[in-house]
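Chemist: Chain residues, written in single-letter form:
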Amino acid sequence: MAKKEVKIEYNKGWDLAPAPESTSHIKLKKKYDLFIGGKWVKPSSGKYFDTINPANEEVLAKIAEADAKDVDKAVKAARKAYDTVWSKLSGKERGKYIYRIARIMQEQARELAVIESLDGGKAIRESRDIDVPLAANHFFYYAGWADKLEFAFPNREVKSLGVAGQITPWNFPLLMVAWKIAPALACGNTVVLKPAETTPLTALKLAEICQQAGLPDGVVNIVTGAGATGAEIVNHNDIDKIAFTGSTGVGKIIQKAVAGTNKKVTLELGGKAANIIFEDAPLDQAVEGVINGIFFNQGHVCCAGSRLFVQESVYEKVMRKLKDRMESLIVGDPLDKNTDIGAINSKEQLNTIKKYIKIGKEEGAEMYQPKCAIPKKGYFCKPTLFYNVAQSNRITQEEIFGPVLAIQTFRTVSEVISKANNTPYGLSAGVWTDKGSKIFNMTSQLRAGIVWANTYNKFDPASPFGGYKESGFGREGGMHGLSAYLNLDS
Amino acid sequence: MRLEVLKTNKLYIGGKFPRTESGRFYTAVDKNGKEIANMCLGSRKDFRNSVVPARSAFGGWSAKTAFNRSQILYRIAEMLEGRRDQFVSELTKMGSTKAAAEKEVNTSIDRLIYYAGWSDKYLQVFSAVNPVSSSHFNFSAQEAMGVVGILAPEENGLIGLVSSIAPVIASGNTCVVLASETKPLCAISFAEVLNSSDVPGGVVNILTGKKEELVSHFVTHMDVNAILYCGKDEKIKKQLQEDSITNLKRILIKDFDWLSDKAENPYLITDFTEVKTTWHPIEQVGGAGSGY
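Chains as they are written, first to last, in my numbering: chain C, 6 to 495; chain R, 16 to 307.
Treat the hints as calculated values from the structure; they're not laboratory data. None of these values were measured; they are calculated from a predicted model. Just so you know, even glycine gets a beta-carbon here, dropped at the ideal spot from N, CA and C. A couple of the hints might just be wrong.
Once the Cα atoms are required to be at most 25 angstroms apart in a straight line, the calculated BS3-like pairs of lysine-lysine come out as [to be verified]:
hint	chain 1	residue 1	chain 2	residue 2
1	C	Lys9	C	Lys32
2	C	Lys93	R	Lys277
3	R	Lys118	C	Lys97
4	R	Lys79	C	Lys101
5	C	Lys47	C	Lys35
6	C	Lys269	C	Lys85
7	R	Lys113	C	Lys97
8	C	Lys47	C	Lys12
9	R	Lys269	C	Lys440
10	R	Lys277	C	Lys164
11	R	Lys118	C	Lys101
12	R	Lys79	C	Lys463
13	R	Lys277	C	Lys101
14	C	Lys97	R	Lys277
15	R	Lys291	C	Lys97
16	C	Lys366	C	Lys342
17	C	Lys93	R	Lys118
18	C	Lys366	C	Lys326
19	C	Lys326	C	Lys382
20	C	Lys12	C	Lys322
Covered stretches of chain R, going by a simulated chain C footprint (3 or more residues, C-beta under 8 angstroms) [stated by the list, open to error]:
hint	region
21	79 to 88
22	119 to 129
23	135 to 147
24	198 to 204
Counterexamples of contact, computed for chain C against chain R with all Cβ distances above 10 angstroms [stated by the list, open to error]:
hint	residue
25	Thr28
26	Val46
27	Asp152
28	Pro287
29	Glu321
30	Ser449
Using the sequences plus the hints, can you model the full thing?
Modeler: Encoded structure:
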């Protein structure tokens with residue numbers, strides 16, 4: 006008897022009623038000044054720029070642009086707070102301030118989530134369930150370290166560094182700010198932070214939370230602006246530590262700029278992670294992990310699983326499941342609770358992604374996109390697969406930072422290890438197999454800072470995050486995240 | 016003039032506030048011998064009734080994430096801060112000066128926060144990946160022991176209670192506590208704090224009564240995994256160590272100045288954990304390109 010194949014139309018029958026999250030409860034000012042020394046200060050240039058909602062291209066607020074004078078003011082405020090207050094407080098009291106910040110963030114979590122989705126375009130499901138709780142938990146976790154630092158470094162005298170200059174990216178605006186500020190404060194430093202220019206709002210809301218928490222003036226300073234403002238922080242000679250999360254290109258410029266100074270540096274840069282499916286893997290679970298690995302946060306994730314390696318024997322099956330699953334993804338309004346993929350963060354980034362899609366086609370790879378509709382207004386991109394790609398293709402070598410997956414096949418363990426490691430990056434990797442001993446073989450062979458086994462894109466305040474090779478150096482999170490903000494040499 | 020309403024001091028067992036099943040009482044007095052309150056004189060049966068909910072709460076409490084336990088310990092501190100006046104007043108009734116009482120309450124709140132912080136950190140400090148000489152991934156990590164019997168310090172009404180309970184429950188143990196016999200007033204008030212702090216019923220059970228009567232029941236109970244004795248009575252020490260052979264209970268004897276910083280450290284957490292070592296094979300195939 007001939008086998009009857011039942012073809013399910015995954016893109017039919019999925020019409021869900023709109024379920025937009027309310028914006029009525031959020032409080033945004035029309036104009037945000039710089040947060041320096043505990044006060045809102047006008048920028049010396051008098052210049053402001055717009056921050057827009059990438060889902061509808063409407064202006065959300067005007068944001069001050071900090072120049073060299075403003076950055077200097079912020080560094081002076083941070084230095085004064087360090088010298089007169091913060092470095093003199095006991096670890097216990099420092100910790101209690103940080104706990105307060107965590108608790109207020111938890112109280113205001115929904116407002117933060119909505120603003121995060123408005124300003125950055127990410128799906129509310131993610132900002133509500135991932136970004137904001139993780140950010141609050143990060144403060145809660147590091148608060149507890151403030152009076153326990155000596156236990157993390159046996160036989161060392163722990164000392165704070167002084168003023169930390171921190172520059173954060175636009176993909177997880179509030180979460181990255183939390184990753185920077187929480188350990189810095191716990192270790193006894195004060196902070197001058199510049200959030201990304203396309204997504205400054207939640208960092209500015211956090212400044213308001215610092216005020217509510219009664220944090221001493223100048224301990225946290227937020228200066229907004231673009232790359233030029235960041236450069237002023239990097240080059241300021243009264244800063245003791247630079248922490249940067251962003252592209253490898255900018256990371257290298259920063260490393261060069263601080264060469265010869267005594268600034269301590271941590272860099273959390275790009276990635277091109279290999280996500281590897283073996284034939285013995287639970288395939289449905291693996292496909293779900295691949296989807297999460299590359300389409301989470303529109304693919305704006307440094308540790309995104311942007312290279313998929315599938316063992317040849319299950320390639321056809323995986324491709325079919327992957328395409329079917331993609332048909333059911335909902336691309337659209339970030340504030341809709343059913344949305345899987347929100348808006349691309351900026352026009353500039355959308356153009357970059359489009360450029361790479363064009364390159365992929367020109368390089369001869371085959372492309373697949375689901376039939377889903379995307380909104381006419383705003384910056385949106387369909388989830389995209391490229392298969393039959395070569396190891397040398399630019400779409401397999403370069404970080405795209407968008408919802409674009411490059412798929413290759415392999416036959417043996419050796420082959421996939423050498424392919425997976427054949428990249429200048431080394432941030433993360435994924436392994437899918439039911440065999441535990443294979444997982445541990447892979448985790449010891451893969452040159453990456455984080456290896457997810459039968460899961461992907463998992464984050465926790467207690468778990469260190471950071472890369473090998475050109476993905477940067479230093480770790481954020483966990484006990485290992487402390488040393489970036491301490492002087493352990495004396 | 017309005018007549019003050021006095022509180023009936025009961026026990027705290029399985030998240031409820033029963034009177035002692037024995038119907039007995041003793042009278043707590045201040046330093047001048049003046050009567051201040053009647054307390055339940057807890058019995059062997061009260062103790063045994065407390066071990067049952069402690070054991071059944073152990074599974075759920077130890078299975079919570081460390082982070083969640085950390086938040087709950089922090090919540091206890093928040094609740095205690097909100098009722099600080101009550102504790103200051105009880106401590107002064109029992110003989111503390113106002114200043115000493117305030118210091119004791121402050122230290123108690125901060126100590127809860129201290130252990131809240133350790134709850135999700137002590138594992139990272141004390142566990143290990145062991146470099147064994149075969150192709151195995153091998154790691155050792157601490158796990159909570161189970162039900163711990165706590166004989167709280169006699170000399171402090173609140174800080175002793177907090178300092179002995181917090182490290183024990185931080186890792187996921189549950190406990191049955193015998194409060195200070197001579198300074199028992201804060202014990203049941205602290206139980207009220209616990210009861211409104213998201214701490215599941217049964218995780219902490221608090222009894223009042225006489226050490227002399229209850230010690231042997233604590234140490235011989237077959238469903239208690241460990242005893243923390245806060246004190247220095249040589250007779251009690253020997254009795255605990257001898258009678259621990261019933262089920263090889265772990266006996267920890269600590270005698271600190273409970274108000275000092277020495278009385279808070281993560282070793283009080285690890286003292287009530289077991290170390291578990293896991294072996295897992297590592298497949299030895301395919302190392303190509305791993306040198307890059």
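Chemist: Run every hint past the structure and note whether it holds.
Modeler: Verification of the hints:
1. For the hint linking Lys9(C) to Lys32(C), the alpha-carbon distance of about 58 angstroms lies beyond 25 angstroms, and the restraint is violated.
2. Taking the CA atoms of Lys93(C) and Lys277(R), the gap is near 22 angstroms; set against the 25 angstroms cutoff, the hint holds.
3. Restraint check for Lys118(R) and Lys97(C): the C-alpha separation of about 15 angstroms stays at or below 25 angstroms, so the hint holds.
4. Our distance criterion of 25 angstroms between C-alpha atoms is met by Lys79(R) and Lys101(C), whose separation comes to about 24 angstroms.
5. Restraint check: the Cα-Cα separation between Lys47(C) and Lys35(C) comes to about 14 angstroms, which is no more than 25 angstroms; the hinted pair holds.
6. Proximity of Lys269(C) to Lys85(C) is assessed by CA-CA distance (about 20 angstroms); at most 25 angstroms being required, the pair is judged to hold.
7. Distance hint between Lys113(R) and Lys97(C) is fulfilled; the C-alpha atoms sit about 23 angstroms from each other, no more than 25 angstroms.
8. For a cut-off of 25 angstroms, the pair hint linking Lys47(C) to Lys12(C) is broken: about 62 angstroms separates their Cα positions.
9. Proposed proximity of Lys269(R) and Lys440(C) is contradicted: the alpha carbons are some 47 angstroms apart, above 25 angstroms.
10. Between Lys277(R) and Lys164(C) the alpha-carbon distance is near 22 angstroms, which keeps this suggested pair within the 25 angstroms criterion.
11. The suggested pairing of Lys118(R) with Lys101(C) holds, with an alpha-carbon distance near 17 angstroms, which does not exceed 25 angstroms.
12. Our distance criterion of 25 angstroms between C-alpha atoms is met by Lys79(R) and Lys463(C), whose separation comes to about 18 angstroms.
13. With a C-alpha separation of about 20 angstroms, the suggested pairing of Lys277(R) with Lys101(C) holds against the 25 angstroms cut-off.
14. A threshold of 25 angstroms between alpha carbons decides the hint, and for Lys97(C) with Lys277(R) the separation of about 15 angstroms falls inside it, so the pair holds.
15. With a C-alpha separation of about 31 angstroms, the suggested pairing of Lys291(R) with Lys97(C) is violated against the 25 angstroms cut-off.
16. At roughly 33 angstroms between alpha-carbon atoms, Lys366(C) and Lys342(C) are farther apart than 25 angstroms, so this suggested pair is violated.
17. Taking the CA atoms of Lys93(C) and Lys118(R), the gap is about 21 angstroms. The hint holds against a cut of 25 angstroms.
18. Restraint check for Lys366(C) and Lys326(C): satisfied, since their Cα atoms lie roughly 23 angstroms apart, inside the 25 angstroms limit.
19. With a CA separation close to 31 angstroms, the supplied pair Lys326(C) and Lys382(C) exceeds the 25 angstroms bound.
20. The hinted pair formed by Lys12(C) and Lys322(C) meets the criterion: a straight-line CA distance of about 14 angstroms does not exceed 25 angstroms.
21. Counting residues of the region 79 to 88 of chain R whose beta-carbon sits less than 8 angstroms from any beta-carbon of chain C gives 4, enough to reach three: the coverage restraint holds.
22. Counting residues of the region 119 to 129 of chain R whose CB lies closer than 8 angstroms to any CB of chain C gives 3, so the stated coverage by that chain holds, three being the minimum.
23. With a cut-off of 8 angstroms between beta carbons, the region 135 to 147 of chain R has 4 residues touching chain C; three or more are needed, and the interface restraint holds.
24. With 0 residues having a beta carbon nearer than 8 angstroms to a beta carbon of chain C, the region 198 to 204 of chain R misses the requirement of three or more and the stated coverage is violated.
25. At roughly 29 angstroms from the closest C-beta of chain R, the C-beta of Thr28(C) stays outside 10 angstroms, upholding its exclusion from the interface.
26. Every CB of chain R is more than 10 angstroms from the CB of Val46(C) (nearest about 33 angstroms), matching its label as outside the interface.
27. Remark: the non-interface label on Asp152(C) conflicts with the geometry, its nearest Cβ contact in chain R lying 7 angstroms away (cut-off 10 angstroms).
28. Pro287(C), annotated as away from the interface, keeps every beta carbon of chain R farther than 10 angstroms; the closest lies near 18 angstroms.
29. Distance check on Glu321(C): its Cβ is at least 24 angstroms (rounded) from any Cβ of chain R, clearing the 10 angstroms threshold; non-interface status holds.
30. Not every C-beta of chain R lies more than 10 angstroms from that of Ser449(C), the closest at about 7 angstroms, which undercuts listing it as non-interface.
Comparing the model with each earlier hint shows violations of hints 1, 8, 9, 15, 16, 19, 24, 27 and 30; every other hint is respected.
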